[in-house]
Amino acid sequence: MQDNSSPFKLAIIGFGAVGQGVARVVQSVPHLEVVAIADSKGVALTPDLEDVLARKRKGKSIANSDLTALDVIRTVDHDVVVEVTPTNIENGEPGLTHFREALKNKRNVVTSNKGPLVAAFGELTELARAQGVALRYEATVGGAMPIINLIRDTLAGTQVLGIRGVLNGTCNYILTRMAEEALEYDQVLSEAQDMGIAEADPTYDVAGIDTACKVVILANAFFNRQVTFADVNVIGIEQITQDALQLARQRGFMVKLIGDVQELTVAPKLIPLGHPLNVSGTLNAASILTDTAGEITVAGKGAGSIETASAILSDILSLMRERD
Amino acid sequence: MRISMDLELKDTPGQLIHVLTPVSALGGNVLSIVHHHDKKTFRNTVPVYVIFDIEEHKLEELQEGLEKNGVTVVRIGKMRLRERAHILLIGHIIHTDLRQTIDTIDSTGFAEVQDLSLSMPAIDGPSSAIVTIMATGNEELKTSIALLKEIAERKDLLVIVPIDEGGLSGGQNNAG
Chain A
1 MQDNSSPFKL
11 AIIGFGAVGQ
21 GVARVVQSVP
31 HLEVVAIADS
41 KGVALTPDLE
51 DVLARKRKGK
61 SIANSDLTAL
71 DVIRTVDHDV
81 VVEVTPTNIE
91 NGEPGLTHFR
101 EALKNKRNVV
111 TSNKGPLVAA
121 FGELTELARA
131 QGVALRYEAT
141 VGGAMPIINL
151 IRDTLAGTQV
161 LGIRGVLNGT
171 CNYILTRMAE
181 EALEYDQVLS
191 EAQDMGIAEA
201 DPTYDVAGID
211 TACKVVILAN
221 AFFNRQVTFA
231 DVNVIGIEQI
241 TQDALQLARQ
251 RGFMVKLIGD
261 VQELTVAPKL
271 IPLGHPLNVS
281 GTLNAASILT
291 DTAGEITVAG
301 KGAGSIETAS
311 AILSDILSLM
321 RERD
Chain B
1001 MRISMDLELK
1011 DTPGQLIHVL
1021 TPVSALGGNV
1031 LSIVHHHDKK
1041 TFRNTVPVYV
1051 IFDIEEHKLE
1061 ELQEGLEKNG
1071 VTVVRIGKMR
1081 LRERAHILLI
1091 GHIIHTDLRQ
1101 TIDTIDSTGF
1111 AEVQDLSLSM
1121 PAIDGPSSAI
1131 VTIMATGNEE
1141 LKTSIALLKE
1151 IAERKDLLVI
1161 VPIDEGGLSG
1171 GQNNAG
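Same order as they appear, the protein sequences are chains A and B. Residue numbers for the first sequence follow our numbering, so the first one is 1 and each next one is one higher. Residue numbers for the second sequence follow our numbering, so the first one is 1001 and each next one is one higher.
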């Protein structure tokens, strides 16, 4: 046990929207210290957070050293690697290497990056266990909506029988707008791209890949499975017509893209209008079926820089409490 | 009215005609027949399960006709279509023979397509339809949804089923 007045030290690896969100939210927390920030171009050591955020906004380099992200993980003294590089579902890199190096160097990992967990969940959790450090990934599923820690901590003692939900805000936004405004898919997609809700290449979201990654993470975490992306049967939302949504609405249904963890499926489903999973806009929602607590449904903001950072912060704070 | 009957037939060839003749003579329409050859009774008869539509007031006459033919009537059940579900279909619904898709469901004997709304925006574009299936019970509903799904997927249609069909709570909550 360490002296609990000593600061809890973080390195932020990856400085896109989520990394910047983390830099903002940790500033208000006492005893938390960011010792390094790495983006794809360089590393800032003992950064002044306001200054680094301002530089990033202006498109300037944040680097003040010659170190690389891996150098930081290996050599700079810190407790937690906040790994928030972009998700790569092909091979998990560069995140996977960062995860492995962090765990080998006995550093806790807190992440929003799904890639490494989808590619090598079993290996990484085993490595963390063997090294006596934690791997926390609340921010990978549902953004600000609590689900992983909710099941692990609050629902400890119940057996989880099933989890399913609306796990991608982009798809939910598109389907909601199509149904409510009677607009066609292509039109709403362009609108979502203009608003920054959908990527220029929207495939990762609209083809159901992102939802499938979340299904994989939850299946491995709570159903003792060893599954990867290839094990999930995935149907996206690209074929859905505005007419179909109107026909469904006339009979009291909405269409939502549902990830089902137990079934390992991602598919659009008809949801009765009054159903708890019928959330609109970019919201996410998940229902957890348990043996003793029945069905529990949570909803919240599934994406966004500050929202995702809030989930990362909750993981960091829980590690800090465990240290103290 | 839709009727299900448990019958017992002698285990010799050509017995089924003794069931079919009285049903059709009274204007009935047989939907499904299942022989349980593997479940022969100690009386050396074969259990047969039949489903057919017939006018209700002719039931008594039918039962007499069957028994006259040497068919044992073990049980008569009046089937009602109680469970309902809506299913969305998207794709080239018409070109892939909608009629056959509906007939396959209707011919199960325990489920039927009760309603279908279709929307066709453009000649070459995909059409959308919502199909209402009614079935005698929850299991039958699930079976017929699975059947529709199988046919539609073979025809390259996107099938969107209700969330509680085979969902978390086993479909008891809200199938339609």
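Derived from the structure by calculation, the hints contain no laboratory data. Among these hints, one or two may not hold up.
Unchecked claim - Residues from chain B shown here face chain A by an in silico Cβ test under 10 Å; the list is partial:
| id | residue |
| --- | --- |
| 1 | N1044 |
| 2 | A1085 |
| 3 | S1119 |
| 4 | A1129 |
| 5 | E1139 |
| 6 | I1160 |
What the hints assert, rightly or not - Partial list, derived from the structure: chain B residues whose beta carbon lies under 8 Å from chain A:
| id | residue |
| --- | --- |
| 7 | I1090 |
| 8 | I1094 |
| 9 | L1098 |
Each residue gets a CB set at the ideal place from its N, CA and C atoms; glycine is no exception.
Here is how each hint holds up against the structure:
no.	hint	result
1	N1044	violated, 45 Å
2	A1085	holds, 9 Å
3	S1119	holds, 4 Å
4	A1129	holds, 7 Å
5	E1139	violated, 18 Å
6	I1160	holds, 5 Å
7	I1090	holds, 5 Å
8	I1094	violated, 14 Å
9	L1098	violated, 15 Å
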